[in-house]
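Undergrad: Top line first, the protein sequences correspond to chains C and D. The first sequence begins at 1 in this note's numbering and counts up by one. The second sequence begins at 1 in this note's numbering and counts up by one.
Accuracy of the hints is not assured; some may be wrong.
Claimed, not checked - Label pairs and their computed distance ranges (CB to CB):
#	chain 1	residue 1	chain 2	residue 2	range
1	C	87	D	157	41 to 49 angstroms
2	C	101	D	220	49 to 57 angstroms
3	D	38	C	66	36 to 44 angstroms
4	C	85	D	295	22 to 30 angstroms
5	D	36	C	40	50 to 58 angstroms
6	C	53	D	156	22 to 30 angstroms
7	C	33	D	65	35 to 43 angstroms
8	D	185	C	40	22 to 30 angstroms
9	C	90	D	226	22 to 30 angstroms
Unchecked claim - Some chain D residues close to chain C (C-beta under 10 angstroms, calculated; not the full set):
#	residue
10	52
11	53
12	55
13	56
14	116
15	132
16	136
17	306
Don't read these hints as lab results, they were simulated from the structure. We treat Cβ as the ideally placed atom computed from N, Cα and C, and that holds for glycine.
Spelled out from the first residue to the last, the chains are:
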Amino acid sequence: MQTFSQLRAIDWVLPITITLMPINNPDIKVAVSGKSLFDGCLPCEKHLISSIDLLGSLSIEIALRNKNYHGPEQAVIVSLITVDGKDHTKTLIEHADYANDHGFVQPTSYLGFNGSWKLQIDMPFYRWLHIETGQGWLLDPGI
Amino acid sequence: MLQGNSDATCAWCAEMEQHGKTSGREKQLLKSGVILDNLAQTMRSSKFYSAWQWSSDNNGDTQLWPVDWQIDLGNHCNSACVFCLPEFSSRLAREFFDLGLAPSMPATNWTQDPGVLSEFIDLLTNTPNLAYLHFLGGETLITPGFETIIDALIERDFTHVAIGFTTNLTVWPGDLVSKLLKFDQVSLGMSIESLDQTNDYVRWPSKISTVRNNLENWLHQPNTANWYKSMRITPTVLTADRLKDIFEYAWTNGVNIESCNFIQEPEFFRIGVLPSAMRMRIAKDLESWLLTKPRNTDRIINTRNPDTLRLNILQEARSYITHLENAPDESFRLGDLMHFLKRLDVNRKQDAKHFFPHYADLFATAGY
Chain C
1 MQTFSQLRAI DWVLPITITL MPINNPDIKV AVSGKSLFDG CLPCEKHLIS
51 SIDLLGSLSI EIALRNKNYH GPEQAVIVSL ITVDGKDHTK TLIEHADYAN
101 DHGFVQPTSY LGFNGSWKLQ IDMPFYRWLH IETGQGWLLD PGI
Chain D
1 MLQGNSDATC AWCAEMEQHG KTSGREKQLL KSGVILDNLA QTMRSSKFYS
51 AWQWSSDNNG DTQLWPVDWQ IDLGNHCNSA CVFCLPEFSS RLAREFFDLG
101 LAPSMPATNW TQDPGVLSEF IDLLTNTPNL AYLHFLGGET LITPGFETII
151 DALIERDFTH VAIGFTTNLT VWPGDLVSKL LKFDQVSLGM SIESLDQTND
201 YVRWPSKIST VRNNLENWLH QPNTANWYKS MRITPTVLTA DRLKDIFEYA
251 WTNGVNIESC NFIQEPEFFR IGVLPSAMRM RIAKDLESWL LTKPRNTDRI
301 INTRNPDTLR LNILQEARSY ITHLENAPDE SFRLGDLMHF LKRLDVNRKQ
351 DAKHFFPHYA DLFATAGY
């Protein structure tokens, strides 16, 4: 059994990975917590890697730009988002907002409209996950 | 424990987790945002982390007030369940004392002292961030201290505090129901072991007709849709074969199932006391029931989430199948069990074989 002191010596950084699949070379920009990970046309599947502080906030923004609605279909699919090595794609997609030029508001991983798909979590990730996945009360120590 | 050593009673939770049952420590850790599968990161992310840090640096001391209470109101009880202990039942305590099974009666319940009760109520209502009060007994609904505390909490405007209690379903609380409805959150545990006459035996002297009637009344009580309701079971050697019926009832009626642990004491009531061949048959029967339900592989830790209620029922069933199959063989305790049951039955003027005809041969072989 580990002691509390041993448990304190942990990595305080959460690795983030985002896997994107393109449909016909979309023009996209991807940023995690304000840091640009990709900016340009996406020719093939891409795995993007980033990280956040364990206790910090998380934002992921994926923007589709310059799509011509009269040409071949173009889109970017959010195939996978992992946080700390675990697949949280479904939960994160349900929480994201998609501001686009067609007013499409339902949770989606298929970004086929010009606009910005944004996920914003303003509390430590695991605290957010507790609430988002219905894990019940979170007691407050009042300190 | 700060040095990494566990207490002997920690084994109870470890055993539950080993069989896929959500343990008491998992449930309590979850309230602080901590999950065992991701202990370090969730611990560090918890709002309590700095308090734990302080406690670790100060030899286990704490500056926090308890905000989540388990309050033992004493053993005032109208039932004398066969698997219970005198410290939890005044009726059983008297019977044990009279039969010479216990050398003395337990101490007087603290709730009978008005001064102590009043001090305790003051302590509760002066606790910062008080969140949850879970009341144990005895039979909570007939323990006078319970209603006194409820009245005080209402009077002092503490209805935001969640209330939890368990009842043996032998009494209907009348006016107390309207008082409980004033609280924002209520968790109700309803103790039952089976849906037939075997319940009358193990939860003596209750009658299954009354128990089922009160169970139905609670399930359909108006204005309690937001209450958390569960059937609290304590499967033993005598009632393990009734688990399938209990789980089916829970599934059909959308009521959760909870049990504190795999019964440890009295030792001769453990499930492992049932001969292995019988346990395997029960496990197979329960497995057949489980196969008629949707398959789920996600582990549920928040067993009280209404959205995963039925999945939790299945998880509980699976844990009991695993326990039935893997519990160490303690059939050598059958003789002790028969000796104990016979003593009670003579006093209670009943015959265990009448309630458990399917175990008549087993009882006879074991010396009943």
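Undergrad: Decide, hint by hint, whether the structure agrees.
TA: Against the structure, the hints come out as follows:
Against the hinted window of 41 to 49 angstroms, the Cβ-Cβ separation of residue 87 (chain C) and residue 157 (chain D) comes to about 45 angstroms, which satisfies the hint. Checked against the given bound of 49 to 57 angstroms, the beta carbons of residue 101 (chain C) and residue 220 (chain D), roughly 51 angstroms apart, stay inside it. About 41 angstroms separates the C-beta atoms of residue 38 (chain D) and residue 66 (chain C), a value consistent with the hinted range of 36 to 44 angstroms. For residue 85 (chain C) and residue 295 (chain D), the Cβ-Cβ distance of about 25 angstroms falls inside the hinted range of 22 to 30 angstroms, so the restraint holds.
Distance hint check for residue 36 (chain D) and residue 40 (chain C): the Cβ-Cβ separation is about 43 angstroms, which falls outside the suggested range of 50 to 58 angstroms. For the pair residue 53 (chain C) and residue 156 (chain D), the supplied restraint of 22 to 30 angstroms is violated, since their beta-carbon distance comes to about 42 angstroms. Look at residue 33 (chain C) against residue 65 (chain D): about 36 angstroms separates their beta carbons, and that is inside 35 to 43 angstroms. Between residue 185 (chain D) and residue 40 (chain C) the beta carbon distance is about 52 angstroms. The supplied range of 22 to 30 angstroms is therefore violated.
Distance hint for residue 90 (chain C) and residue 226 (chain D): a CB-CB separation of about 27 angstroms, consistent with the stated range 22 to 30 angstroms. For residue 52 (chain D), the shortest C-beta to C-beta distance to chain C is roughly 7 angstroms, which falls under 10 angstroms, so the interface hint holds. Because the smallest distance between the Cβ of residue 53 (chain D) and any Cβ of chain C comes to about 7 angstroms, under 10 angstroms, the interface hint for this residue holds. At about 8 angstroms, the closest approach between the beta carbon of residue 55 (chain D) and any beta carbon in chain C falls short of 10 angstroms, and the interface hint on this residue holds.
Taking 10 angstroms as the C-beta cut-off, the interface hint given for residue 56 (chain D) holds, the closest approach to chain C being about 5 angstroms. Hint on residue 116 (chain D) is violated. Least Cβ distance to chain C is approximately 26 angstroms, over the 10 angstroms limit. With a cut of 10 angstroms, the hint placing residue 132 (chain D) at the interface with chain C holds, because the nearest CB-to-CB distance is about 7 angstroms. With a cut of 10 angstroms, the hint placing residue 136 (chain D) at the interface with chain C is violated, because the nearest CB-to-CB distance is about 19 angstroms.
Taking 10 angstroms as the C-beta cut-off, the interface hint given for residue 306 (chain D) holds, the closest approach to chain C being about 9 angstroms.
Checked against the numbered hints given earlier, this structure breaks hints 5, 6, 8, 14 and 16; the rest are met.
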